[in-house]
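Engineer: Sequence:
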Amino acid sequence: MVIAATKRVKKDIDDGKVELINGDVADLSCFDSNTFDRVFHCNCYYFWPDIDKVARELHRVMKSDAVIVTTMSSERVKRLKDKGFLQYGNPDQARYLNALKSGGFCDVRLETLKSDQSGANYDAIFAKKYFRCKEEKL
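Following the UniProt record's numbering, the numbering of the sequence shown begins with 1 at its first residue and continues without gaps.
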């Protein structure tokens with residue numbers, strides 16, 4: 001996967017805009033707290049064995065006011081699960097939304113969007129890290 005991703009973003013790597021690191025999302029100890037402004041991931045949360053631990057770790061490495069965006073094709077994931085390809089994964093979106101909230105994220109929401117290119121629907125989960133969630137702000 002890293003080789004394919006490296007080929008795809010080679011120019012950005014060469015320009016110093018992107019660095020790819022292969023690691024464990026549940027242990028981001030190679031990064032200081034409050035490092036990232038944005039986190040994007042696609043088609044992977046359902047493979048994380050301890051989704052609550054990952055949510056806390058992502059929250060730790062993100063700066064205040066940082067945004068996390070998760071995308072997936074729920075229809076495709078359902079088809080794969082029905083065919084037995086996700087026997088080790090749990091694509092339950094509510095479970096992930098709750099893990100983000102429990103992990104300290106705010107404004108957690110799920111939206112169904114349509115691709116401009118293919119016209120296909122996909123789901124996007126958005127969450128934000130604040131110093132305190134809005135309802136707790138003074």
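One should not assume that every hint holds.
Capping the alpha-carbon separation at 20 Å, the derived lysine-lysine pairs in PhoX-like fashion look like this [unchecked claim]: (1) Lys83 <-> Lys101; (2) Lys53 <-> Lys83; (3) Lys114 <-> Lys78; (4) Lys7 <-> Lys53; (5) Lys63 <-> Lys17; (6) Lys7 <-> Lys63; (7) Lys63 <-> Lys53; (8) Lys128 <-> Lys63; (9) Lys101 <-> Lys114.
Just so you know, the hints here were simulated from the structure itself, not pulled from any lab data. Predicted model only: the values in this text are computed from it and were never measured.
Engineer: Compare the structure with each hint and give your call.
Structural biologist: Taking the hints in turn, this is what the structure says about them:
1. Lys83 <-> Lys101: violated, 31 Å
2. Lys53 <-> Lys83: violated, 29 Å
3. Lys114 <-> Lys78: holds, 18 Å
4. Lys7 <-> Lys53: violated, 31 Å
5. Lys63 <-> Lys17: The hint holds at about 19 Å.
6. Lys7 <-> Lys63: violated, 29 Å
7. Lys63 <-> Lys53: Between lysine 63 and lysine 53 the Cα gap is close to 18 Å, so the pair holds against 20 Å.
8. Lys128 <-> Lys63: With a Cα-Cα distance of about 10 Å, the restraint between lysine 128 and lysine 63 holds, given a limit of 20 Å.
9. Lys101 <-> Lys114: violated, 25 Å
The structure does not agree with the numbered hints 1, 2, 4, 6 and 9 stated previously, though it agrees with the rest.
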